[in-house]
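Trainee: One-letter residues, chain by chain:
Protein chains: 2
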Amino acid sequence: MNDFILTLEDIGNRSVQNIETLFAQANGALGVRASLPIKAKESTPGIFLNAFYESHDIVYGENAYGYAKQHQTMVNLFDLRSIELSIDDVSEFLLVDQSVALDMKKGILKETYLYQTKEGKTIEYRLESFTSHFDRTVYAQKIDLKALNFSGEVEVSKKAQKISTKQGEDFDPRIKDASVELIQTGNKYTAPNSGLSFYTHFDSYDKKQYVEEGQTLSFTQLYQISREAEFTSPSYEELEAKQIAIFADFWAISDIEIDGDRHLQKGIRFNLYHLFNSAGRDGHSNFCAKGLTGEGYEGHYFWDTEMYLLPFFIYTQPEIAKSLLSYRVNILPKAQARAKELGFKGALFAWRTINGEETSAYYPAGTAQVHINADIAFAFELYEKVTGDTAFIDENCELIFETARFWLDYGFMSKRGFEIHEVTGPDEYTALVNNNYYTNKMAQNHLYYAARLAKKLKKYEKEAVEWFDSAEKMYIGFDQALQITQQDDSFLMKEPWDFEHTPKDRYPLLLHFHPMKIYKHQVLKQADTILAHMLFDTPIEQIARDFDFYEPLTTHDSSLSKAIYGVVASKLGRSELAYRFFKEAAIMDLEDFQGNASHGIHAANMGGSWLGLIYGFAGLSVENGEVTTKNHLPKEIKSLKFTVTIRGVKQQLVIDSYKK
Amino acid sequence: MNDFILTLEDIGNRSVQNIETLFAQANGALGVRASLPIKAKESTPGIFLNAFYESHDIVYGENAYGYAKQHQTMVNLFDLRSIELSIDDVSEFLLVDQSVALDMKKGILKETYLYQTKEGKTIEYRLESFTSHFDRTVYAQKIDLKALNFSGEVEVSKKAQKISTKQGEDFDPRIKDASVELIQTGNKYTAPNSGLSFYTHFDSYDKKQYVEEGQTLSFTQLYQISREAEFTSPSYEELEAKQIAIFADFWAISDIEIDGDRHLQKGIRFNLYHLFNSAGRDGHSNFCAKGLTGEGYEGHYFWDTEMYLLPFFIYTQPEIAKSLLSYRVNILPKAQARAKELGFKGALFAWRTINGEETSAYYPAGTAQVHINADIAFAFELYEKVTGDTAFIDENCELIFETARFWLDYGFMSKRGFEIHEVTGPDEYTALVNNNYYTNKMAQNHLYYAARLAKKLKKYEKEAVEWFDSAEKMYIGFDQALQITQQDDSFLMKEPWDFEHTPKDRYPLLLHFHPMKIYKHQVLKQADTILAHMLFDTPIEQIARDFDFYEPLTTHDSSLSKAIYGVVASKLGRSELAYRFFKEAAIMDLEDFQGNASHGIHAANMGGSWLGLIYGFAGLSVENGEVTTKNHLPKEIKSLKFTVTIRGVKQQLVIDSYKK
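Heads up: the protein sequence lines correspond to chains A and U, in order.
Start counting the first sequence at 1; every next residue gets the next number (UniProt numbering).
Start counting the second sequence at 1; every next residue gets the next number (UniProt numbering).
Hint data in this document are derived by calculation from the structure and do not stem from the laboratory.
Treat the hints with care, since some could be wrong.
Chain copies aren't distinguished; within one or between two, either way the pair holds.
Stated by the list, open to error - Dumping the calculated DSS-like pairs for lysine-lysine here, alpha-carbon to alpha-carbon at most 27 angstroms: (1) K650 to K242; (2) K334 to K635; (3) K207 to K159; (4) K188 to K208; (5) K385 to K322; (6) K473 to K650.
Predicted model only: the values in this text are computed from it and were never measured.
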C-alpha cells in the first residue's frame, strides 16, 4: 500500500458525482472534475477557471437600500473529458469496470474504464491526466484504447464539449446553476454580463479505423485555457516531467508524516494535495470555498481563506500565501466603496465575492459578518510574523488602516467600553447580535496591530491613538454567575435548543427550520467563542469552562467547526476528544461525512485538518522568529513529522509520543 | 363652502397620479382610480377587485427554509374610464381645463374636462360616476359631451381597455407591478397562477354623428365586475338613488363634526369616506393598506386593519367590523399551517397576505412581527366589549386559543419570567430583538383574554392555567437608572442615531441606509412603546417619561406613527402637541405629506386620525358597556360631535371646549 495513491477503495461514497469531486485536479487556475469518459445522466463534468465568473442581477423578493446587487457565479466552461466512441457503428456502452488511482505524489490521475457493447465487445479506456502546474493553461490527457475481445471498426471522437448539466437541487441555497451561454468569437469566449473573456487552444481527435483484437490506439491531447490570447506549445512528456518535479518539491516542504494511522495519513495528504491544487497564484484569484472542484458556493471566496487556509500556506508555501493576501490588496478599492455605500468610514471587505464586490444576498449571514475585516488583518499579521516579510506589510499598510477605520465608525464608545453592535459572528445560527466575543476580540487585535504599524511607519499617529484606545477599552462580555464568556450580549439569555427532540434527519438545521426559530435558541452551527480561544491566549480554565458550555450546543452543521474544536481540545490536553474531532475533519470528504462532497471539496475543513495536526497535536506557535511546540499527540498517533518555513528557513520538526 | 365637497383646491399636490388616488371611489369590492378620460402618459388608471390577486413564485437571492413562497399581487384589471374621441377626424386634444368635485355626502364624483383640438375646437366632457354600494359589482358613469364652439362630426368610443401601465419606480420596495395577462374566455377572466376568476358585464358605446355647436351627447354606462357569473341589470337612476340613501345612513352614524377648523373638518370626512369605501364586506376580503385606491403594498392586508382601522368600524359600523374579523376566522387554517411549517404550535397569522398565506419576502420586517397574533386577539376583544356580540366570539374562540398557543411555544419561561425572543415590534427600524415591550404587553393581554374565555366556555382548562400563568409572569423590561420602559432588551444599549448630521433628503431612512446601519442605532420609524401606552393603563408619569425619551428618536417615516403620538400626547394633557400630530395625520394624504399618495391612500393613518379625535381629544373608552370621555380638546377645536354605537345603541356625544 502506497499512502500517496488514492483509489476508489479509499473513499466512503462512490457515487459518480462524489468520485468526480474527490479525484478532481487543479493547478490554481484551472480545475477539472474527474467525470466519466462516456456521458452518463448522473455525471456532472466541470472545467473551472479560477475567478472567471458570470454576473447577473440579484432578484430580491423585497429589496432594500445597500443590498448586494449582482450575483457572481463561477462558470462551468466545458466538458474536456468525454469521448464519443463506436464499435462497428454501435455507440451504446455499459460501463463494466472502473478503476481510478490518483497519484498524489506526482500530481497525475490514472484511470481505467471497461466499456462493453450489448454484443459483449469490450474496449479498455485508459487515461492519464493532469492539470499542469508548470503551464497553468494546460489540461493534459494521454489516452490508450485497447480492443480486448474483438476486431472491428472503431470510431473515436474526442473534443471539447458544451456543459449542459447543473449540480445540486433547486432548494439547496448553497449551490446555483453555473452553466452559462458564452459568446464565442474564434477561440475567444466572453461571458456577456461580466464581460470577462478567456481564450482556448484545443487539440481534437476524430478517427475511424479498423482495430485488431489486442491492438491499442494511443494519443495525447492538450487542452489550453487562458485569460491571455497567447499560447506556448509544450509537449505532453515535457509537462509530465515538470509536473512530477513540482510535486516532489511540494511534498518535500509541505508533507506531514503520520505514524500510526494509514487511513489518516492518506486523508491528510489528500487534503494537502487539494490545498496545493486549488489556491490561486496570480493575486487576482483566491481560494474558492470548494476549491476548483465543484460548483458549490459559486466559486466564491470567503473568510475561509484567511482563517482556515492561510496558516498552512504561510508556514509551508509562503509565496502562495503572499499571492492570496495580494488578492485582498487588489480588491481594497471595492471594500472602500462598500463601506461608503453602507454609510461607514474606511473599508469593509465583502463577505462572499470573486471580484471584490459583495455578492451575499442575505446580509444577516453575509455582510453582517464584518469580522472578515479583522480576519484579513489577522492573516497579514501572521504572515509577517512567520515569514518576516515586513516589506510586504509596510507596502500594503493602507489595507490594515482602512479596515481599522471601519471599526471606529461601526462600533462606538459607551459607558461599558468600545462596543460593536449588529454583527454576526462565525456561528451562523446566531445572527445580528451585539458584542459578539469573537468579533470584538478580533477587532481588538486588529486595532492593536494597526496602531503598532502606524506608530512604526509614523503614519496617522493621531488616529493610531484612537485605535489603541478603542482596543484597550474593547467591551468583552462575561457572565459572572456562570463564569462563561458571553458569545454575545444576548446568547446566554436565549432558550436552549431542544436537542433531545430533534431527530437526526433534521440536521443540518438550516435545511429544516426557519432562521427565526434557529436564531432564538442557544444552538451553534460552528465554533465561535472557541475559535477565538484557538487564536488568543486565555487562561486555560476559562477555555475549559467555555468549551464545556458551548460544545454541547454546537451542531457542527458547518464543515468549519470540528477541526477548531479539535485544536482547542488539544490545547486543553483532552487528546482523546481532540483525536475524535480531528479524525472527522481529516477524512470528512473522503468519507463524505457532510453528505455533499459531490458539490466540491470542503476546502476550509482541509485547512482545518492541518490546524488540527500542527496547531493542535504539535502545539506549534511562533514568537519573534522562534518556533515552539507542545506535544499533544493522542495515543493513536505515534509521531508526526513535518516541515515549516520560518523567515525563509526550513525546519523539520518531529513530534514523538515516546518523548511526551 | 360645503365641507362634504372635495375639489382640486383642497389638495396640496395636484399631480395626475395624486388626483387619481385622492378622488378614487370604492365600495369594498371594486375600486376605481380617478384617471383622466383621455389617456395621458403620466396617468395610471386602475380598477381593483378586492382580494383578486395573481400569484407568482418569490425569487430569493439566497433562499432558506420556511421563507414565504409566493407573491400575491392585487391585479389592476382594466381602464374603465378612458374614452376615444375625435372631432372631424382629429383625435389629438389638449386638456385645457379640469374641475373635480367629490360629493362625499352622496358618494358621487363629478368631473368636468375641457378638451381642445389644435384648431381650437373645444368639447366639454362631463362625468358623474360612482362605485355602487347597493350593487357592489357596478361602476356607473353618466356622460355628457358638449360641443362648445363648433359644429362637426364627433366620434365617441368608450369601452373597457387593457391596463398597460405600472405605478411607482423600480427601486421602491413598497410597490410592485400589478398588470397581469389574464386568460379570457367569453366574459370570464382568470389569473393563470392563482386560478382566481371574475366575470364582467360591460356596456360599450361607439358612435359617429354630426353635432351642432352647443349640442350635448349624453349616455350612461354600467360596468359590472363580479366573482359570480350572474348579473342583475339595474338602472343608473335607481343605483344613484340607492347610493345617496346609503351614504346618508353612513354619515348619520359615522360623521364627526368639528367646530373650529374647516380644512380639518373636510380632511376627517375625506378619511372617513375612504374608510367606508375600501373596507371588504364579504368575510373573504379585508382592508388593503392603500384601500382600493392604488397598487402600493400589492393590495395586502396587514395588522393595520386590527390596530388602526377596526376601532372606527367597531364603534360606528359594527357589521363591517364583524366582516373584517370574519376574514381572520376564514384564514385561520392558513395561520395554523404557517405555525406548523415554522416549527411551532398553534397558529401564526401572516404579516402580509391576501389569501392568508405569508407573502412577506423579508422576514425581519415581516414574519418576525409576530405581534400580529395579539393584535388580532385585541381587536376581537374590543369588538366584544363594544358591541356585546359575545356569540360571535364564542363561536370563533378557537382563533383566540390557537393564537395563544403560539405564544406559549414561541416564548419560554426563564428566571426573569415569560420571555419572547427574536421578534420585531411595530417599529421597523429595530428588528429581531428580544422582549419587545409592545409585543410582550400585547401577548400578555392576549393570554389573559384567552384564559378568561376558556374558563367561561369550560374549554382547555389546563392550558388556560398555563396561559394565565404566562401572562402573570410576562417579562417587562425597565431601565431603573433612566426610569424608562425598555423598547426591548437591547434598545437602550444602542448607539444614538446622529440626527444632527442627517440631512432632510435622507428621509425616509429606509430608502437611504442599509438595514444594518439603521437597526444598530437608537432610531424609530414609528410609535412602538408609545403605541402600547395608548392601549394600556400605565401610570401617567411613566408614559410622560417614555414619550419624552422615544418621541425625539422617532423619524415618523411610517404613516402609522404620528396619529398614535397624537393620541398619547392628548392622554398626557399636551393638547398643543397632540393637535400638531393630529393635524399632520388628518390631512396627510390631502397634503401629500408622505410624498407617495399617488400609490394609494394611507388607510391606517386615516383610521389613526379617527383615533386622534375620538381616543385622543374626546378621550373615549368603554368598560362594561359604559362610555366614558375625557375632554382633551386643543384650543383650535371648539367642539366635537360624533356618534358611537354601544351594544346596539347609538349614542351621540358632544365634546365642547366651553365645558372643559
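Trainee: Checking an output row: K385 and K322, CA cutoff 27 angstroms. Within, between, both or neither?
Mentor: within (13 angstroms within a copy, 73 angstroms between copies)
Trainee: Between the shortest in-copy and the shortest cross-copy C-alpha distance, which are at most 27 angstroms for K473 and K650: within, between, both, or neither?
Mentor: neither (40 angstroms within a copy, 66 angstroms between copies)
Trainee: Please sort K207 with K159 into within, between, both or neither, judging by C-alpha distance up to 27 angstroms.
Mentor: Within one copy only: 12 angstroms inside a chain, 70 angstroms across chains, cut-off 27 angstroms.
Trainee: Is it within, between, both or neither when you check K650 against K242 at 27 angstroms Cα-Cα?
Mentor: within (23 angstroms within a copy, 98 angstroms between copies)
Trainee: Treating 27 angstroms as the Cα threshold, decide for K334 and K635: within, between, both or neither.
Mentor: neither (49 angstroms within a copy, 57 angstroms between copies)
Trainee: Can you tell me if K188 and K208 fall within 27 angstroms by alpha carbon in one copy, between copies, both or neither?
Mentor: Answer is neither: 30 angstroms inside a copy and 63 angstroms across each miss the 27 angstroms cutoff.
Violation of the numbered hints given earlier is confined to hints 2, 4, 6; the remaining hints are satisfied by the structure.
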